[in-house]
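Number of protein chains: 2
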Amino acid sequence: MRGLVYDKALAFRDDLPEPTPGEGECVIAVRLAGICATDHQITKGYAGFRGVLGHEWVGTVVSGSNRWLGKRVVCEINCVCRTCDLCRTGLSTHCRNRTVMGIVGRDGCFADLVAAPEMNLHEVPETLSDEEAVFAEPLAAAYQVMQQVRVDERTKVSVVGSGRLGLLVAQVLAKCGCALEVIGRNANTLAFCEKRGIQPRSVKDLSLRKDRDVVVECTGSPEGLELAMGLVRPRGTIVLKSTYAEGGVGTLSPVVVDEVTVVGSRCGPFSEALASLARRDVEVRSMVSRVFGLEKGLEAFEASADRGTIKVLLNIGR
Amino acid sequence: MRGLVYDKALAFRDDLPEPTPGEGECVIAVRLAGICATDHQITKGYAGFRGVLGHEWVGTVVSGSNRWLGKRVVCEINCVCRTCDLCRTGLSTHCRNRTVMGIVGRDGCFADLVAAPEMNLHEVPETLSDEEAVFAEPLAAAYQVMQQVRVDERTKVSVVGSGRLGLLVAQVLAKCGCALEVIGRNANTLAFCEKRGIQPRSVKDLSLRKDRDVVVECTGSPEGLELAMGLVRPRGTIVLKSTYAEGGVGTLSPVVVDEVTVVGSRCGPFSEALASLARRDVEVRSMVSRVFGLEKGLEAFEASADRGTIKVLLNIGR
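From first to last, the protein sequence lines are chains A and B. Using the numbering used here, the first residue of the first sequence is number 1, and each one after it goes up by one. Using the numbering used here, the first residue of the second sequence is number 319, and each one after it goes up by one.
If you are wondering where the hints come from, they were derived from the structure by calculation, not from laboratory data. The C-beta atom is built at its ideal place from N, Cα and C for all residues, glycine as well.
Straight-line distance between alpha carbons at most 35 Å, and here's what the computed DSBU-like set of lysine-lysine pairs gives:
{"#": "1", "chain 1": "B", "residue 1": "LYS522", "chain 2": "A", "residue 2": "LYS44"}
{"#": "2", "chain 1": "A", "residue 1": "LYS195", "chain 2": "A", "residue 2": "LYS296"}
{"#": "3", "chain 1": "B", "residue 1": "LYS513", "chain 2": "B", "residue 2": "LYS614"}
{"#": "4", "chain 1": "A", "residue 1": "LYS44", "chain 2": "A", "residue 2": "LYS8"}
{"#": "5", "chain 1": "B", "residue 1": "LYS522", "chain 2": "B", "residue 2": "LYS474"}
{"#": "6", "chain 1": "B", "residue 1": "LYS528", "chain 2": "A", "residue 2": "LYS210"}
{"#": "7", "chain 1": "A", "residue 1": "LYS44", "chain 2": "B", "residue 2": "LYS528"}
{"#": "8", "chain 1": "A", "residue 1": "LYS44", "chain 2": "A", "residue 2": "LYS204"}
{"#": "9", "chain 1": "A", "residue 1": "LYS8", "chain 2": "B", "residue 2": "LYS528"}
{"#": "10", "chain 1": "B", "residue 1": "LYS522", "chain 2": "B", "residue 2": "LYS493"}
{"#": "11", "chain 1": "A", "residue 1": "LYS210", "chain 2": "B", "residue 2": "LYS326"}
{"#": "12", "chain 1": "B", "residue 1": "LYS614", "chain 2": "B", "residue 2": "LYS326"}
{"#": "13", "chain 1": "B", "residue 1": "LYS474", "chain 2": "B", "residue 2": "LYS513"}
{"#": "14", "chain 1": "B", "residue 1": "LYS513", "chain 2": "B", "residue 2": "LYS362"}
{"#": "15", "chain 1": "B", "residue 1": "LYS528", "chain 2": "B", "residue 2": "LYS362"}
{"#": "16", "chain 1": "B", "residue 1": "LYS474", "chain 2": "A", "residue 2": "LYS210"}
{"#": "17", "chain 1": "A", "residue 1": "LYS8", "chain 2": "A", "residue 2": "LYS296"}
{"#": "18", "chain 1": "B", "residue 1": "LYS362", "chain 2": "A", "residue 2": "LYS210"}
{"#": "19", "chain 1": "A", "residue 1": "LYS156", "chain 2": "A", "residue 2": "LYS175"}
{"#": "20", "chain 1": "B", "residue 1": "LYS528", "chain 2": "A", "residue 2": "LYS156"}
{"#": "21", "chain 1": "B", "residue 1": "LYS362", "chain 2": "A", "residue 2": "LYS204"}
Restraint-style ranges between C-beta atoms, simulated for each label pair:
{"#": "22", "chain 1": "B", "residue 1": "ARG368", "chain 2": "A", "residue 2": "SER207", "range": "19 to 29 Å"}
{"#": "23", "chain 1": "A", "residue 1": "CYS81", "chain 2": "B", "residue 2": "SER520", "range": "28 to 38 Å"}
{"#": "24", "chain 1": "A", "residue 1": "ASP205", "chain 2": "B", "residue 2": "ASN384", "range": "51 to 61 Å"}
{"#": "25", "chain 1": "B", "residue 1": "ALA497", "chain 2": "A", "residue 2": "CYS176", "range": "29 to 39 Å"}
Here's a subset of chain A near chain B, in silico, CB distances under 8 Å, partners left out:
{"#": "26", "residue": "HIS94"}
{"#": "27", "residue": "PRO234"}
{"#": "28", "residue": "LYS241"}
{"#": "29", "residue": "VAL249"}
{"#": "30", "residue": "GLY250"}
{"#": "31", "residue": "THR251"}
{"#": "32", "residue": "SER253"}
{"#": "33", "residue": "VAL255"}
{"#": "34", "residue": "VAL256"}
{"#": "35", "residue": "ASP258"}
Only chain A is shown next, with the shape it has when bound in the complex (with noise of 0.2 Å):
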């Protein structure tokens, strides 16, 4: 089968063998696929992957058990053991022996098929398309930032980064009603923010005052954390969501002086994305740039590097 493989560079390969499902896991035809920042840092060195690439994805089952043949689904990323302590205590997406779908011993679904265990999927609503149902799993992580931090009406909340995840956090922070901006390089993507009702604030604009009472940190680099160091309030919260694979962070003194709360935030609850997106709360179709076929993966991942460009997508199995 094709499929992009990282192993030191990235590479479309048309001789992959086909994926061998484990117990209790079935075999599914990619249909749709959407580049993230995360894709681009393991081809920097982030979490020593090698295989195939991919964990945002909408398919069909083509083989496992008759519960899921034949449905249309998005997956959970993250395979766990069910049986470890963390798994144990309710923390399983942090199982201690998990494997991660294209980022931890895991392929993933940058490729014709992919095995997953069936304990992961959810059925896509037939109301939702493909290029919807896409974002299932980023939204999931923007909606985890809800999970994490109470915001109502009188918080002040900057996300900081206007990509890809920046803009799904703030459409779902912008359902709150809080006193809400984006902080971003970008026009374009802060243009996207204005069209949807959402305060844009360049960052060259920017001038520091520590008010804000939550900052979401979405720029996936270093710097990032320092500049929400300098816009969050005394006792306020950083959620910081970027994973990186290069460059440290500076001092974190401003955090201890100022006690700051920073609260690291990963994956989200894929029902909550999945309903989200059935009731329109959050509008992604207007933010795919580009399509590419698999066997244009490496163009495709250009384009997605583009600083402007917001969600570039891979069409597989349609």
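Given chain A, work out where chain B should sit, using these hints.
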């Protein structure tokens, strides 16, 4: 008057002008003062401070209102405006216009006399010796941890760093009956823990498993956070106490991937610290390693930097 002044280098001087109290301030003759890690960091450039160092002390009020004249007092270090948005919303220790004794824009206590706002003073109970009362400020900082994280008998807690602050934090935590260990490098300070019934653990014997609910980082160096990230369980909490002049942290990706909460922690409640000292909840007298006269201040600083030395005091006006 005499004093230890930092201005690019630390120097003992005997020609300093006596302090002029501002409105609502009084002048206090310093009796005994403690040297703290922050003082050392300031002499490495932290906070960009110039002036008389020192912020841990006990003294006798020699001029000011009748309410305080002749009283033996300890003193909160943040001198605040009471009018800014943070003061008016209950965050006065984070006052935007604050000066901080011996740290930000205001002379400290390593001198014969110091000026301080009366509202910052706390009378020392007669039952407490100067050698105990001088621990009020760092012990208050230790109690601040209890205001920020919930700890009970089922909570697994590690204190990283067995220095001055680490030993105070550990003793405060031990009173909650949590599953506590102190991780350090120094046999002397670890032996202090053992004597107090607190599990010591040498950093050399450490095998990391990410299973601690709460890790309190008191090392005073960036490496402490890296160790803490290796100890804390997913969705656990790191309390960050260290501020330092030099060095940055590496990647914070573990905070994101493990969805850890990092809470910065600074000054704490003096009243709780004094009550705790009066109850003898915390053993401080045997933490005093050496006492120097003020004129031997440079020597005292050197002694205080030695590993294995716990607390070094300056005997000033007794």
